[in-house]
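Trainee: Each chain, written out:
Number of protein chains: 2
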Amino acid sequence: MDSYKIAFDINGNDNGIFAAIQASVEFAQKNPHFNIILIGPQSQIQDLITEKYSTFPQNISIIDNPNIASNPDNIRASLHEDTSMNQAIELVKNQQADAVLSSGNSGLYLATSTFKLKRLPNISRAAFMPIIPTIIGRKFLLLDVGANIDSKSDFLVEWAKIANVFAKVILNTQKPNIALINIGTEDSKGTEVVREAHQILKNDKSLNYIGFREPRDILNYVCDVAVIDGYGGNLVLKSLEGAILSFKKLLKEKIMMTPTRKLGFLLAKNAFRDVAETLDYRNVGAAWVIGVNGVAIKSHGSSDSKAYLGALNQIKIALENNILAKVKKAIENE
Amino acid sequence: MDSYKIAFDINGNDNGIFAAIQASVEFAQKNPHFNIILIGPQSQIQDLITEKYSTFPQNISIIDNPNIASNPDNIRASLHEDTSMNQAIELVKNQQADAVLSSGNSGLYLATSTFKLKRLPNISRAAFMPIIPTIIGRKFLLLDVGANIDSKSDFLVEWAKIANVFAKVILNTQKPNIALINIGTEDSKGTEVVREAHQILKNDKSLNYIGFREPRDILNYVCDVAVIDGYGGNLVLKSLEGAILSFKKLLKEKIMMTPTRKLGFLLAKNAFRDVAETLDYRNVGAAWVIGVNGVAIKSHGSSDSKAYLGALNQIKIALENNILAKVKKAIENE
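Line by line, the protein sequences give chains R and X. Following the UniProt record's numbering, the residues of the first sequence are numbered contiguously, the last one being 334. Following the UniProt record's numbering, the residues of the second sequence are numbered contiguously, the last one being 334.
The set of hints was computed from the structure by calculation and includes no laboratory data. From a predicted model like this one, the values you see are computed outputs, not experimental measurements. Just to be clear, a hint being listed does not mean it is correct.
Since copy identity is lost for identical chains, a pair holds within one copy or between any two.
Unchecked claim - Derived DSSO-like pairs: lysine-lysine, alpha-carbon spacing no greater than 27 Å straight-line: (1) K116 with K189; (2) K189 with K118; (3) K262 with K205; (4) K269 with K249; (5) K262 with K252; (6) K248 with K306; (7) K202 with K189; (8) K248 with K269; (9) K262 with K248; (10) K326 with K189; (11) K93 with K328; (12) K139 with K202; (13) K252 with K269; (14) K139 with K93; (15) K30 with K52; (16) K168 with K139; (17) K152 with K269; (18) K249 with K139; (19) K249 with K262; (20) K118 with K152; (21) K152 with K52; (22) K5 with K93; (23) K139 with K52.
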C-alpha cells in the first residue's frame with residue numbers, strides 16, 4: 001500500500017490545539033499508511049500528548065512552529081513570515097508532504113496556497129469548495145463560497161470540471177450531476193456571467209450538466225456539484241447555515257416553555273439526533289482549495305476533533321484516489 | 001376617517017380566485033373605510049360569492065377582466081394588452097385607486113408598475129421588498145430580492161432611504177437599524193458596489209446605518225432594514241426559505257419513523273405551532289414594489305387567504321400613514 005504524508009498546520013483554531021491532536025491521533029491509529037506532520041507549538045503539543053495519551057502513534061511527527069501571521073490581511077508580508085501555515089504549505093510544495101490541512105485565516109490560506117503551489121494549467125482562479133449534506137443523506141459540492149468576489153463565466157466552467165473529478169472521487173458518483181446555482185431556472189435568468197457559463201456548459205459533453213437550479217431546493221438534493229460565483233456562493237452558504245441554526249434555536253426555546261413539551265421532546269429526541277446527524281455542520285466545516293497544484297483543504301476556525309477527522313478522511317480518499325492527477329488530466333483534455 | 005380604495009388584480013393565482021375573494025371579504029368587513037375593487041372574471045366571482053356568502057360587503061366592487069398576459073416575458077407587448085394587471089395598475093395611475101395588489105407574474109408586475117406609475121424623483125430603480133419574520137418575533141425588510149440583476153451603489157443607498165420610511169411605518173420603529181448584507185463585516189469585504197454604498201451610508205446622518213451584516217445571523221434579528229443587490233438578495237431569500245423548508249421536512253420524516261417519536265411530537269406539538277407562527281412564510285409571500293410613484297405590493301403566486309390578508313393589512317397601514325408622501329419627502333431632502 002502506498003503511504004502518504006499530511007502537513008497539518010494546527011495553529012489558528014479559536015479553541016486551541018487539542019482538537020487537532022485528538023483527531024490526528026485517532027486518524028493515525030486507524031491509518032498506519034498515513035503520516036501526519038503536526039506544525040505547531042512543539043512543547044505544548046508534547047505536554048498535551050503526555051497528559052492525555054499513554055502511547056503516541058509513531059506515524060505522527062511534530063515540527064515546532066508556534067507562529068501565526070502577524071497581520072493576515074497583509075498577504076504580501078505574511079507570505080514571508082515564518083508561520084506554521086507557510087511551513088505546512090511549503091512541505092507540499094517541496095514534495096515533503098502530499099496534502100495540507102489548516103484552520104488558519106481563509107483569505108491568507110487561499111492566497112498562500114495559490115502563491116506557493118501555483119495554479120493548475122488552464123485554471124484562472126482557485127476556489128473554496130465545501131461538502132454540504134442534504135436531507136436525503138447524499139452530499140454535494142458547493143463552489144465557490146467566497147474565494148473570488150468577481151467571477152467570470154470561464155471561472156465557473158473551469159471549477160465545474162475540477163469539481164466533477166472531486167465529486168466522482170469524494171462523493172463516489174460515476175456521473176455527477178452538475179448545476180449552476182441561479183436566481184431562476186430559465187435561460188434568461190441571472191447575471192451575464194452565469195448565463196454565459198450556462199451556454200458553455202450546455203455544450204460540454206464531458207460533463208453531465210443539468211442546468212440552473214435555485215437555492216430553495218438545494219438541501220433536498222438537486223445536484224452533486226453546485227457551481228456559483230464566490231459572492232453568491234458565500235451568501236447562499238451563510239444563509240443556509242444561518243436559517244437552520246435560527247430555526248433550531250427557536251424550536252428549542254419553544255420546547256423549553258412547558259413541562260409537557262419537554263417530555264414530548266424527550267420522547268422524540270432520537271428524531272432530533274437523526275436530523276442533527278444528517279445535517280451535521282461539521283461536514284461543512286472543511287472546504288477544499290481547488291485550482292491549485294496541490295491537495296489543500298481548509299477547516300473551520302472553530303473545528304472540533306470530529307470536524308478535523310472529517311477533513312482528514314476527505315484527504316485520505318483524495319490521496320488514495322490520486323485526485324490531483326485526475327484533475328490535471330480532466331483540465332488538460334481541453 | 002379618510003377612505004381608501006385598493007385595486008386588487010385577482011387573476012394569476014395558481015390556486016384560483018377564491019383565496020383573494022375570501023381575504024377581501026374578511027378585510028372589507030373589518031375595514032368599512034376601505035373599498036376593494038376586484039379585477040377578475042366577474043361572473044365567476046359572483047357565482048362564488050353567491051355560493052359562499054349570504055351577504056356581500058358593499059365596500060367591494062368588481063371590474064370584469066378575466067385576461068392575463070398572453071406572454072408575460074414579452075413585457076412590451078403585455079403593456080398594451082387588456083389584462084387585469086394593467087387595469088389594476090392604471091386605476092392607481094388615474095387616481096381611481098390608492099394602492100394596487102397583484103399576484104401575477106413578478107417581472108411583468110415590476111415592469112408595468114414602473115412604466116405606468118413612473119419612478120419617483122431621484123430614484124434610479126424600483127425594487128422588491130418583502131417583510132421577513134425573525135425568531136425573536138420582530139420583522140425586517142429585505143431588499144432588493146430580485147427586481148435588479150445588476151445593481152449600483154447608488155441604488156442601494158436610494159433603497160435604504162425608502163425602506164427607512166417603510167420600516168418606520170410598517171414595522172413601527174422610530175429609528176430603524178439599516179444594514180447592508182454582505183459576505184463579511186470588515187470594510188474591505190464584498191463587491192465594489194456594496195463597499196461604495198457602505199462608505200456613502202456611513203456618512204448619511206439621516207439614517208441609522210449600522211454597517212455590514214452577514215446572512216448567517218439575519219433570522220436572529222440584526223436589523224430592521226437589510227439592503228443588498230437584487231441578485232444577492234434573491235439568493236439569500238431563497239436560501240433562507242429553502243433551508244427552513246428542508247429542515248422541517250427532514251424533521252417530520254424522522255419523527256414519523258416510530259410510535260414513540262410520534263407521541264413525543266404530539267406532546268410538543270404546540271412548540272412546533274409556535275415556531276410556525278413566528279416564522280410564518282405568509283409574511284414573506286408579499287413584497288412591496290418600492291421606488292415607483294404609487295403604493296404597489298406583489299403577493300406570491302400561490303397565496304392563500306391569510307397571505308392576501310397580510311398584504312391587505314400592510315396596504316392599510318401604508319395608506320393610513322400616508323407612506324408615499326413620506327417617502328417622497330425623504331428622497332426630496334437630498
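Trainee: Next, verify each hint and record whether it holds.
Mentor: Going down the list of hints, with the structure as the test:
1. K116 with K189: Only across copies: K116 and K189 sit 24 Å apart there, 38 Å inside one copy, limit 27 Å.
2. K189 with K118: between (35 Å within a copy, 24 Å between copies)
3. K262 with K205: neither (55 Å within a copy, 48 Å between copies)
4. K269 with K249: both (15 Å within a copy, 16 Å between copies)
5. K262 with K252: Both. Shortest intra-copy (9 Å) and inter-copy (18 Å) distances satisfy the 27 Å Cα cut-off.
6. K248 with K306: both (21 Å within a copy, 25 Å between copies)
7. K202 with K189: within (15 Å within a copy, 33 Å between copies)
8. K248 with K269: both (13 Å within a copy, 15 Å between copies)
9. K262 with K248: Answer is both: 15 Å inside a copy and 19 Å across each meet the 27 Å cutoff.
10. K326 with K189: neither (33 Å within a copy, 34 Å between copies)
11. K93 with K328: Intra 16 Å, inter 61 Å, cutoff 27 Å: intra-copy only.
12. K139 with K202: within (23 Å within a copy, 41 Å between copies)
13. K252 with K269: both (12 Å within a copy, 13 Å between copies)
14. K139 with K93: neither (30 Å within a copy, 51 Å between copies)
15. K30 with K52: within (18 Å within a copy, 70 Å between copies)
16. K168 with K139: within (12 Å within a copy, 43 Å between copies)
17. K152 with K269: neither (46 Å within a copy, 48 Å between copies)
18. K249 with K139: Answer is both: 24 Å inside a copy and 17 Å across each meet the 27 Å cutoff.
19. K249 with K262: Both: 15 Å inside a copy, 21 Å across copies.
20. K118 with K152: Result: close within a single copy only, 20 Å intra versus 34 Å inter.
21. K152 with K52: neither (50 Å within a copy, 56 Å between copies)
22. K5 with K93: Answer is within; shortest intra-copy Cα gap is 13 Å, inter-copy 71 Å.
23. K139 with K52: neither (34 Å within a copy, 49 Å between copies)
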